[in-house]
Amino acid sequence: MNSNTGEAAFQSRGTFTEDAGLSTSPIPLEPYYSEAFFEQEKEKIFRRAWLLVAREEELPEPGCFVLKAIHTLDTSIIITRNPKGKVQGFYNTCSHRGSQIVTESEGRRRLFVCPYHKWSYDTDGDLKSAPDEQNFFFNKKDCGLTRVATEVWEGFVFVNMAEQPEISLDEYIAPLKEYISGVNYLGASSPIVVEADLEANWKVVVDAFLESYHIPSIHPKTIAETFSNQINPHARLLNSTPLGTHQQVSMFGNSGLKPNPNNRAEQLAAGDTGSVISAAALKDTEAFLAHPAINPTKSADWSMDVNQVFPHVQIDWGPGGFWVHHFWPLSASRTKYEVRFYVTEAQDFKQRFQQEMYVARVAEVVLEDLVNVKRTQRGIKNGGKKHIQLQDSEVGIRYSTSRIIKWVNSDTVREAIK
Amino acid sequence: MSKNLQSVLPHGFASLERFVDKWAKDTSQARMEARCTSTQEQIIEFYEAVLAVSDVAMAEIAKHPLTEMPEQIQKLAKLILALAHASIAVEVHGQPRAIGAPFPNSVRVSKGAAPFG
Chain A
280 MNSNTGEAAF
290 QSRGTFTEDA
300 GLSTSPIPLE
310 PYYSEAFFEQ
320 EKEKIFRRAW
330 LLVAREEELP
340 EPGCFVLKAI
350 HTLDTSIIIT
360 RNPKGKVQGF
370 YNTCSHRGSQ
380 IVTESEGRRR
390 LFVCPYHKWS
400 YDTDGDLKSA
410 PDEQNFFFNK
420 KDCGLTRVAT
430 EVWEGFVFVN
440 MAEQPEISLD
450 EYIAPLKEYI
460 SGVNYLGASS
470 PIVVEADLEA
480 NWKVVVDAFL
490 ESYHIPSIHP
500 KTIAETFSNQ
510 INPHARLLNS
520 TPLGTHQQVS
530 MFGNSGLKPN
540 PNNRAEQLAA
550 GDTGSVISAA
560 ALKDTEAFLA
570 HPAINPTKSA
580 DWSMDVNQVF
590 PHVQIDWGPG
600 GFWVHHFWPL
610 SASRTKYEVR
620 FYVTEAQDFK
630 QRFQQEMYVA
640 RVAEVVLEDL
650 VNVKRTQRGI
660 KNGGKKHIQL
670 QDSEVGIRYS
680 TSRIIKWVNS
690 DTVREAIK
Chain B
13 MSKNLQSVLP
23 HGFASLERFV
33 DKWAKDTSQA
43 RMEARCTSTQ
53 EQIIEFYEAV
63 LAVSDVAMAE
73 IAKHPLTEMP
83 EQIQKLAKLI
93 LALAHASIAV
103 EVHGQPRAIG
113 APFPNSVRVS
123 KGAAPFG
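Sequence order for the protein chains is A and B.
Take the position in the first sequence, starting the count at 1, then add 279; the result is the number in this note's numbering.
Take the position in the second sequence, starting the count at 1, then add 12; the result is the number in this note's numbering.
These are computed hints drawn from the structure, not numbers from a lab.
Keep in mind that a hint or two might mislead.
Derived lysine to any residue pairs resembling SDA-like cross-links, with alpha carbons at most 20 Å apart [what the hints assert, rightly or not]:
{"#": "1", "chain 1": "A", "residue 1": "537", "chain 2": "B", "residue 2": "105"}
{"#": "2", "chain 1": "B", "residue 1": "123", "chain 2": "A", "residue 2": "346"}
{"#": "3", "chain 1": "A", "residue 1": "629", "chain 2": "B", "residue 2": "48"}
{"#": "4", "chain 1": "A", "residue 1": "500", "chain 2": "B", "residue 2": "84"}
{"#": "5", "chain 1": "A", "residue 1": "629", "chain 2": "B", "residue 2": "77"}
{"#": "6", "chain 1": "A", "residue 1": "629", "chain 2": "B", "residue 2": "84"}
With the Cβ distance kept under 10 Å, some of the chain B side facing chain A (calculated, not the full set) [said to hold, decoys possible]:
{"#": "7", "residue": "43"}
{"#": "8", "residue": "114"}
{"#": "9", "residue": "117"}
{"#": "10", "residue": "123"}
Glycine is no exception: its CB is placed at the ideal position from the N, C-alpha and C atoms.
Use the sequences and the hints to build the structure in full.
Laid out in structure tokens, this is it:
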């Protein structure tokens with residue numbers, strides 16, 4: 280763990296980059312606009328890596344299902360919970376003539392019935408019945424839905440799109456697991472969901488959420504005062520922790536921030552934490568905050584941590600709870616973005632109003648990022664620039680990009696995660 | 013059905029009746045859109061009118077469990093929730109929408125908090 284502590288840390292040049300064993304040279308820009316590189320990312324990363332797609336709470340009981348789009352591979356996976364409680368994933372493709380079976384995004388059912396000829400499957404994907412069955416030549420046992428490797432870790436549901444995953448989820452997330460296991464995911468059953476279609480390469484978007492250097496300039500009115508102050512005016516990082524193919528960065532927070540008395544709606548909502556990126560009462564979060572991987576430097580001036588779960592997800596947490604970003608590449612220059620903010624269910628209307636203040640604010644932050652990433656992509660795609668310069672507190676970007684390039688260049692997953 | 017004969021808000025909140033159609037929406041997304049499609053003058057007018065009675069309104073709403081609000085209380089609660097969105101224009105941007113942000117745009121709250129999300 281490499282950390283910044285004390286006022287002096289925010290003055291001279293930091294050492295996160297070198298401590299992580301990374302080069303300090305400019306990094307190549309071609310992966311950010313090349314269609315050929317995108318095709319490699321699809322095959323070498325998204326078809327080989329374990330992909331975090333859901334929370335287990337989305338399937339509260341046996342018979343519940345969700346349909347999750349794997350946008351990058353232009354497909355969707357039915358994730359079910361069977362009567363024994365097991366979570367399993369299947370291609371959304373009928374064994375008969377290949378029709379999609381499920382069109383709803385979520386629901387609860389005992390049988391999945393294909394709309395085309397009414398073949399029906401149970402929550403284990405087994406074919407239960409096919410009209411005029413005796414006129415077919417098949418062995419019914421061979422006609423179940425095609426399985427997608429699915430594993431659950433601490434409530435996070437991962438799928439692997441390889442026919443035969445090269446490594447287990449356990450091995451894939453080992454360093455991350457060691458570092459962050461045991462976190463109490465507050466409010467995991469009630470997310471607020473914000474989505475956007477972004478006109479930028481997915482790495483441009485991922486990068487924007489791995490550093491807080493941009494916050495004073497891109498979010499001056501919405502969140503700048505949360506992430507910087509006079510001691511740390513450029514919102515330098517508190518900490519950087521490489522975790523194999525994953526990583527964590529810990530961001531500075533302005534502990535002196537108080538609601539502006541002129542902001543009367545904000546005053547009406549004012550909770551205990553005083554932070555605009557928090558929506559839970561402080562008492563609920565004490566145990567949560569005690570975890571060693573949450574605010575790892577235990578700094579009084581802390582805003583949030585970003586846990587990059589390779590390749591396309593970030594699990595973030597702050598004083599009020601956690602939220603999860605999903606960045607799905609659609610092409611070299613388009614990204615489907617979804618963020619889920621997990622909030623504990625409001626117990627009274629005051630809390631509900633606080634949550635609405637939170638929703639209204641975060642939607643604006645997303646909007647500011649949407650504008651910013653589009654502008655960046657337009658600047659990048661002309662190919663005039665071959666490299667970009669990164670400062671020490673942008674170590675997360677350097678780490679992420681180097682890992683992506685490593686995956687693309689690795690023949691095996693074991694080699695890629697080394 | 014005549015709105016003139018029966019108010020849609022609880023007794024004592026007549027000053028907010030004229031804002032119901034535009035602002036008392038069922039979802040966070042619709043409340044955000046109400047802000048984005050209003051002029052700053054309209055937003056300030058709504059913001060000031062709600063804040064003038066917000067303490068009384070909060071107390072009135074607090075008498076009812078979140079999941080069992082009578083119809084009129086629900087309408088009032090949705091107006092208060094819309095204040096959160098109006099405050100973005102008044103307390104954050106100083107204009108209806110973020111500076112330089114396109115409208116319409118693809119940012120959407122596809123699921124809000126319960127109830128009225």
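So, going through the hints one by one against the coordinates:
no.: 1; hint: A:537 - B:105; verdict: holds, 18 Å
no.: 2; hint: B:123 - A:346; verdict: holds, 16 Å
no.: 3; hint: A:629 - B:48; verdict: violated, 24 Å
no.: 4; hint: A:500 - B:84; verdict: violated, 35 Å
no.: 5; hint: A:629 - B:77; verdict: holds, 12 Å
no.: 6; hint: A:629 - B:84; verdict: holds, 18 Å
no.: 7; hint: 43; verdict: holds, 8 Å
no.: 8; hint: 114; verdict: holds, 7 Å
no.: 9; hint: 117; verdict: holds, 6 Å
no.: 10; hint: 123; verdict: holds, 4 Å
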